[in-house]
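One-letter residues, chain by chain:
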Amino acid sequence: MGGDRDVIFVDSSVLISCGRRESTRFQALAREARQRDVVFRLSPQVYAEVSGDPLPAEYSSGSSAVDEALQEGWMKVTESPSYSQSEVSRVMDQARSFIATTSDRSEDVVEKTDTEIVGLALETLANGTADRVTVVTNDIPLGKAAASLIPQYGFDDEQITWLTGGELADELASDFVPEFD
Amino acid sequence: MATKEANWATPLDTGGEAFELLGNARKAWIYTYLRHHPGATIQEIVETLDQPERTVYDYVEDLEDARFVEQSNDGRPAEYVAHEIELQLVEGDAERRITPELIEAIARRIRDDDVDAYIDRHGLDGLAVALDYAREYVDGSVTHQIMARERDISSVEAGVILDALRPVVEG
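Chains as they are written, first to last, in the working numbering: chain U, 9 to 189; chain P, 51 to 221.
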């Protein structure tokens, strides 16, 4: 089997959204993976966040859905980006600065979790393991960072795509409390 | 201020009688329903909210007294509309705005367990702060990670409440 030509990274913001509505939203995500014939990739930080964060008992846990997806094989956790690769660590620094500027915050509040996915996206393209990378995140500054920074490393705009969860699959955008509208 | 647990001594939670409806999700729901369905009757509210007619009458009356809603016709059955309220509440250093979005967010606790859990843990004041983050989140000027760090809550909890409040601020 050759390298995946299309690689899709899913961010924690989308998984949290899906995990909360396990029955419908998570199924929509699974269906999308099948239809696209891809295995969604999670960065180690994203996996740690959705599986390891202590969530107060008041909330029902959504983390089991991710573990099930890993077992079913339509999601997998990647290696960390290779920080020793100068382009990768540089794009992550740029992403940190980009997100800080967009958010009008200091760079200290932007941690590795926010930027790792941008590093992985660049690494995947630079290694030639994919022709196109899609980053799925509901965090707009992160999505913008990926879409605007990666072309600076010699890739075409169409090789890097940012989608929100709702753009990936309509069901992920739907509002489940329609009585108020 | 990190609000790990609800701090019920904060402005919105001690706002006095005029803000009593903020603590009553069903009144908040009636206000929100009228805002989205101007001209609705008591009977429509009874059917949608599935509450006893007597209760709905009482709640609508309370909302009228507080000038959150008013009757919009002269005839029967009475039809009601919601006012676009905008109240500023200042207590010490804390300033909170009471807006239709905040009331809708409170109303959602009836149907949305995540909003309910968040209010239980962080109080109405915490919800108002989360709503401000949700506006920024939808505008694209904040990530769920940033909210988590600034509010000292887990990033999953931040993601959960931002996601739950998104439809409120997207209107």
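Derived by calculation from the structure, the hints in this document are not laboratory data.
It is possible that some hints are incorrect.
Here are some chain P residues the structure puts well away from chain U; computed CB gaps all over 10 Å [what the hints assert, rightly or not]:
1) Glu70
2) Gly142
3) Glu200
4) Glu207
Short, incomplete list of chain P residues facing chain U, as computed with Cβ under 10 Å [as the list claims (entries may be wrong)]:
5) Glu120
6) Ser122
7) Asp124
8) Arg126
9) Ile135
10) Asp189
11) Gln195
12) Ile196
13) Asp213
Small disclaimer: the values here were computed from a predicted structure and weren't measured.
Where is the CB? At the ideal position from N, CA and C, for every residue including glycine.
Worksheet entry | Hints violated by the structure (numbers, ascending) | 3, 4, 5, 6, 7, 8 and 9
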